Amino acid sequence: MKDSIKRRVLEEANIIIHTKVTIRQLTKIIGVSKSTIHNDMKTRLRLVDRNLYDKVQKVFEEHIRIRHYLGGIATQKKYKKVI
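Residues 1 to 83, numbered by the working numbering, are exactly what the sequence shown covers, in order.
Because the hints were derived from the structure by calculation, they are not lab data.
Nothing here was measured: the structure is a model prediction, and the numbers come from that model.
There's no promise every hint is true.
[As the list claims (entries may be wrong)] Here are the simulated EDC-like pairs of lysine to aspartate or glutamate, each with C-alpha atoms no more than 20 angstroms apart in a straight line:
id	residue 1	residue 2
1	Lys-77	Asp-49
2	Lys-6	Asp-49
3	Lys-78	Glu-11
4	Lys-20	Asp-54
5	Lys-80	Asp-54
6	Lys-42	Asp-54
7	Lys-81	Glu-62
8	Lys-20	Asp-49
9	Lys-28	Glu-11
10	Lys-20	Glu-61
11	Lys-58	Glu-11
12	Lys-2	Asp-49
13	Lys-20	Glu-62
14	Lys-42	Glu-11
15	Lys-6	Glu-61
16	Lys-80	Asp-49
17	Lys-42	Glu-61
18	Lys-78	Asp-54
[Stated by the list, open to error] Label-pair ranges, simulated between beta-carbon atoms:
id	residue 1	residue 2	range
19	Ile-17	Tyr-69	35 to 45 angstroms
20	Gly-72	Ser-4	35 to 45 angstroms
21	Lys-81	Leu-10	15 to 25 angstroms
22	Ile-30	Arg-50	29 to 39 angstroms
23	Ile-29	Lys-58	13 to 23 angstroms
24	Asp-3	His-68	14 to 24 angstroms
25	Gly-72	Arg-7	30 to 40 angstroms
26	Lys-2	Gly-72	34 to 44 angstroms
27	Gly-72	Lys-6	34 to 44 angstroms
28	Leu-70	Asp-3	13 to 23 angstroms
29	Ile-64	Glu-11	36 to 46 angstroms
30	Asn-51	Ile-5	39 to 49 angstroms
31	Ile-30	Glu-61	14 to 24 angstroms
32	Met-1	Gln-76	18 to 28 angstroms
The beta carbon of each residue, even a glycine, is placed where N, CA and C say it ideally should be.
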């Protein structure tokens, strides 16, 4: 794996761990596609740093647990703007 890819993977992982951003939010910060970040976090990070991989997975699990709640808030905001 190229050093530039390793650096990108580690940078993405650190941003996710420290700021708890979602993959979609991270795409806007880093400037790469959602599928690239997903591939980086699911396969490449495991090879580069297993400890960071475990921490990122915990953040993703938290996102999955609260996504229905956040979806409801987004819908509520949407309809408050319409009326």
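Verification of the hints:
For a cut-off of 20 angstroms, the pair hint linking Lys-77 to Asp-49 is broken: about 39 angstroms separates their Cα positions. Distance check on the hinted pair: Lys-6 and Asp-49 sit about 10 angstroms apart at the alpha-carbon level, within 20 angstroms; holds. The hinted pair formed by Lys-78 and Glu-11 fails the criterion: a straight-line CA distance of about 33 angstroms is larger than 20 angstroms. Proximity of Lys-20 to Asp-54 is assessed by CA-CA distance (about 14 angstroms); at most 20 angstroms being required, the pair is judged to hold.
Proposed proximity of Lys-80 and Asp-54 is contradicted: the alpha carbons are some 39 angstroms apart, above 20 angstroms. About 10 angstroms separates the Cα atoms of Lys-42 and Asp-54, which keeps this hinted pair within 20 angstroms; it holds. With a C-alpha separation of about 28 angstroms, the suggested pair Lys-81 and Glu-62 falls outside the 20 angstroms cut-off, and the hint is violated. At roughly 18 angstroms between alpha-carbon atoms, Lys-20 and Asp-49 fall within 20 angstroms of each other, so this suggested pair holds.
The hinted pair formed by Lys-28 and Glu-11 meets the criterion: a straight-line CA distance of about 14 angstroms does not exceed 20 angstroms. For the given pair, Lys-20 sits about 11 angstroms from Glu-61 by alpha-carbon distance, which is consistent with the 20 angstroms threshold. At most 20 angstroms may separate the alpha-carbon atoms for a hinted pair to count; Lys-58 and Glu-11 meet this at roughly 17 angstroms. With a C-alpha separation of about 15 angstroms, the suggested pair Lys-2 and Asp-49 falls inside the 20 angstroms cut-off, and the hint holds.
The hinted pair formed by Lys-20 and Glu-62 meets the criterion: a straight-line CA distance of about 9 angstroms does not exceed 20 angstroms. Our distance criterion of 20 angstroms between C-alpha atoms is met by Lys-42 and Glu-11, whose separation comes to about 14 angstroms. Taken as a hint, the Lys-6 and Glu-61 pair is broken in the structure, with Cα atoms around 23 angstroms apart against an allowance of 20 angstroms. About 44 angstroms separates the Cα atoms of Lys-80 and Asp-49, which puts this hinted pair outside 20 angstroms; it is violated.
Restraint check for Lys-42 and Glu-61: the C-alpha separation of about 13 angstroms stays at or below 20 angstroms, so the hint holds. A distance of roughly 35 angstroms separates the Cα atoms of Lys-78 and Asp-54; the hinted pair therefore is violated under the 20 angstroms criterion. Between Ile-17 and Tyr-69, the C-beta spacing of about 21 angstroms breaks the proposed range 35 to 45 angstroms. In this structure, Gly-72 and Ser-4 meet the distance hint of 35 to 45 angstroms, their C-beta atoms being roughly 40 angstroms apart.
Judged by the Cβ atoms, the range 15 to 25 angstroms given for Lys-81 and Leu-10 is violated: they are separated by roughly 39 angstroms. For Ile-30 paired with Arg-50, a C-beta distance near 22 angstroms fails the hint of 29 to 39 angstroms. Taking 13 to 23 angstroms as the suggested C-beta distance range, the pair Ile-29 and Lys-58 conforms, at roughly 20 angstroms. Taking the beta carbon of each, Asp-3 and His-68 are about 40 angstroms apart, not inside 14 to 24 angstroms as hinted.
For Gly-72 paired with Arg-7, a C-beta distance near 38 angstroms keeps the hint of 30 to 40 angstroms intact. Taking 34 to 44 angstroms as the suggested C-beta distance range, the pair Lys-2 and Gly-72 conforms, at roughly 42 angstroms. The hint said 34 to 44 angstroms for the Cβ distance between Gly-72 and Lys-6, and at roughly 39 angstroms that hint holds. The supplied range of 13 to 23 angstroms is broken by Leu-70 and Asp-3, whose beta-carbon atoms lie about 36 angstroms from each other.
With their beta carbons about 23 angstroms apart, Ile-64 and Glu-11 fall outside the hinted range of 36 to 46 angstroms. Evaluation of the 39 to 49 angstroms hint for Asn-51 and Ile-5 yields a failure: the beta carbon distance comes to about 19 angstroms. Separated by about 21 angstroms at the C-beta atoms, Ile-30 and Glu-61 satisfy the suggested range of 14 to 24 angstroms. In this structure, Met-1 and Gln-76 break the distance hint of 18 to 28 angstroms, their C-beta atoms being roughly 43 angstroms apart.
In the structure shown, a violation is registered for the earlier hints numbered 1, 3, 5, 7, 15, 16, 18, 19, 21, 22, 24, 28, 29, 30, 32, in ascending order.
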